[in-house]
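Engineer: For the record, the sequence lines run as chains X and Z. As numbered in the numbering used here, the first sequence has no gaps in its residue numbers, which increase by one up to the final residue, 329. As numbered in the numbering used here, the second sequence has no gaps in its residue numbers, which increase by one up to the final residue, 329.
Please keep in mind that the hints were generated in silico from the structure rather than gathered at the bench. The structure displayed is predicted, hence computed values, not measured ones. Mixed in with the good hints, there may be bad ones.
It does not matter which identical chain is meant; a pair holds if it fits inside one copy or across any two.
[Claimed, not checked] Calculated cross-link-like contacts (lysine-lysine; reagent style DSSO-like; alpha-carbon spacing at most 27 Å):
{"id": "1", "residue 1": "Lys192", "residue 2": "Lys234"}
{"id": "2", "residue 1": "Lys289", "residue 2": "Lys142"}
{"id": "3", "residue 1": "Lys147", "residue 2": "Lys323"}
{"id": "4", "residue 1": "Lys299", "residue 2": "Lys232"}
{"id": "5", "residue 1": "Lys250", "residue 2": "Lys305"}
{"id": "6", "residue 1": "Lys234", "residue 2": "Lys142"}
{"id": "7", "residue 1": "Lys232", "residue 2": "Lys326"}
Protein chains: 2
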Amino acid sequence: MKDELEKCFEFILEVEKLKAVQRRVKPLGLDRYENSAEHSWQAALMALVLAKFGNESVNVERVVKMMLVHDIGEIDADDVFFFDETGRLDAKEKELAAMKRIFGILPEEKAAELFALWDEFENGTSTEAKFARAIDRVMPVLQNLYNNKQSWTENGVTKEQILTKTAYIGDGSAILWEMIAAKIEKAFE
Amino acid sequence: MKDELEKCFEFILEVEKLKAVQRRVKPLGLDRYENSAEHSWQAALMALVLAKFGNESVNVERVVKMMLVHDIGEIDADDVFFFDETGRLDAKEKELAAMKRIFGILPEEKAAELFALWDEFENGTSTEAKFARAIDRVMPVLQNLYNNKQSWTENGVTKEQILTKTAYIGDGSAILWEMIAAKIEKAFE
């Protein structure tokens, strides 16, 4: 038991590093970039709040757990800007290796559970994975919409890119995508 | 449906402010103080990882949800140092008012659900509340143990204070408290 607990401590101290991974968005009202740890919290909370708007009935607890682990691979792979397609392909392999390394710190059973959650989020086609990916994508869009398009402007992202590349939000929640797409249109008027 | 979604957006943008609430602990390897949003993520993840070490069988999903909401009241009440007893009494009322205000932004049913989670964490005696409080308390203790007692040193906290005031970790997990207490003793040798 104590050996297992020591492994859990080691894991939780290792994931401290996610607090140092910088994203492209600034939290509303703050003059600094967001980190992936605080984003993970907000995305998990958002999943809890928006669960009923999924296209299909979702197991919200599984979605919440996915959100807690979905970015941990960035500790080794770093956050790659969503609109950087080449960078994202490279990052995918690095993230897989990172997940194996970091979850590998945990006792075996727990490592397998968390890896399965991450894998489902990353590669899965389940109702929960689609909903989780929609939430993960909606979060920075909302932040941009209410923060003068900060990261879009800083990175020269066009309305067309946003509408095309984030349309998969609708695979998780059609009504959410309908509202968000209208807000994007309006923001670029 | 759209009205409800707008309320959820407003809520999720309001809780952005938790990213600006500063705690007394610095994340390992970073020269800045931790904020309550990233702490909430790590505490939720830790609950997921340590669930099996609870004194009783816990509903881990409910504990995870408690961790996601447990600090939101700090948006209005601010984080009060754990060892500041007078400050914590004052903060309790402020936090209650804050929770009512902030959850009140949400559609009624969801507001009631999140408020109940917070209330259980704050005032409850359920297995889940005891375990959640143990996790919330263990997190900064671990950070201190592996970061040269940073916040304890900066705030002049003694070993006796720590051992007395954090002993309730054992109400959630006896084995966790046994290990942590030994580590605290060792850190002050």
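Engineer: Between the shortest in-copy and the shortest cross-copy C-alpha distance, which are at most 27 Å for Lys232 and Lys326: within, between, both, or neither?
Structural biologist: neither (33 Å within a copy, 42 Å between copies)
Engineer: Quick one: Lys234 to Lys142, C-alpha cut-off 27 Å, is that within a copy, between copies, both, or neither?
Structural biologist: Neither, since 31 Å and 39 Å both go past 27 Å.
Engineer: Between copies, within a copy, both or neither: which fits Lys192 and Lys234 at Cα up to 27 Å?
Structural biologist: The answer is neither: 34 Å in one copy and 30 Å across copies each exceed 27 Å.
Engineer: How would you classify Lys289 and Lys142 at a CA-CA limit of 27 Å: within, between, both, or neither?
Structural biologist: between (49 Å within a copy, 22 Å between copies)
Engineer: When no copy is named, should Lys250 and Lys305 be tagged within, between, both, or neither for a Cα gap of at most 27 Å?
Structural biologist: Neither way: Lys250 and Lys305 sit 34 Å apart in one copy and 30 Å across, limit 27 Å.
Engineer: At most 27 Å between C-alpha atoms: does Lys299 with Lys232 qualify within a copy, between copies, both, or neither?
Structural biologist: Answer is within: at 26 Å inside a copy they meet the 27 Å cutoff, but 45 Å across does not.
Engineer: When no copy is named, should Lys147 and Lys323 be tagged within, between, both, or neither for a Cα gap of at most 27 Å?
Structural biologist: Close across copies (15 Å), not inside one copy (46 Å); limit 27 Å.
In this structure, the earlier hints numbered 1, 5, 6 and 7 are contradicted, and the remaining ones agree with it.
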